[in-house]
Amino acid sequence: MKKINKLIAILLVAVCVLSGCAGSNTGKQEETVTMRATVTSFEKAGFLVTPKDGSEELKSSDSFYISSQYLPEDTELQVGDQVEITYSGYIKEIYPALLEKITEVKILESGTEE
Numbered sequence: 001m002k003k004i005n006k007l008i009a010i011l012l013v014a015v016c017v018l019s020g021c022a023g024s025n026t027g028k029q030e031e032t033v034t035m036r037a038t039v040t041s042f043e044k045a046g047f048l049v050t051p052k053d054g055s056e057e058l059k060s061s062d063s064f065y066i067s068s069q070y071l072p073e074d075t076e077l078q079v080g081d082q083v084e085i086t087y088s089g090y091i092k093e094i095y096p097a098l099l100e101k102i103t104e105v106k107i108l109e110s111g112t113e114e
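Be aware that the sequence shown starts at 1, since it is given in UniProt numbering, and climbs by one per residue.
FYI, nobody ran anything at the bench for these hints, they're computed from the structure.
Just so you know, not all the hints are guaranteed correct.
Said to hold, decoys possible - Under the rule of at most 30 Å between Cα atoms (straight-line distance), these lysine-lysine pairs were calculated in the DSS-like manner:
{"id": "1", "residue 1": "LYS44", "residue 2": "LYS92"}
{"id": "2", "residue 1": "LYS2", "residue 2": "LYS59"}
{"id": "3", "residue 1": "LYS59", "residue 2": "LYS101"}
{"id": "4", "residue 1": "LYS44", "residue 2": "LYS106"}
{"id": "5", "residue 1": "LYS44", "residue 2": "LYS59"}
{"id": "6", "residue 1": "LYS101", "residue 2": "LYS44"}
Full structure from sequences and hints, please.
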């Protein structure tokens, strides 16, 4: 009988510990980061941008490839356009670098350097 009580106590502790470790993402918003950049090259499938001077992204790469799928429809992008890109904050460090989980690309200024 003592062995059964001991086993039940161990199982209860294990269940409590494991359920406490499970956690839940429900209701949590993912953090996002915004990068301002200049379009340096544009093709139908995607475009290259260079981050603004002093940005954190420059520590990873001086060039980022962005797929055109993230542009709003009927957007005419040109070299020199200033864009704002919202993403998860993670960067794939290849060359050119890739931003993870892009949620939005906005054109701030058309064809002019700041």
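Taking the hints in turn, this is what the structure says about them:
Only pairs whose Cα atoms come within 30 Å are accepted, and LYS44 paired with LYS92 is accepted, the gap being roughly 22 Å. This hinted pair does not check out: LYS2 and LYS59 have alpha carbons roughly 62 Å apart, beyond 30 Å. Restraint check: the Cα-Cα separation between LYS59 and LYS101 comes to about 19 Å, which is no more than 30 Å; the hinted pair holds. Distance restraint check for LYS44 and LYS106: the Cα-Cα separation of roughly 17 Å lies within the 30 Å cut-off, and the hinted pair is therefore satisfied.
Pair hint LYS44 plus LYS59 holds up; C-alpha atoms about 28 Å apart against a cutoff of 30 Å. The straight-line distance between the Cα atoms of LYS101 and LYS44 is roughly 20 Å, inside the 30 Å bound, and the hint therefore holds.
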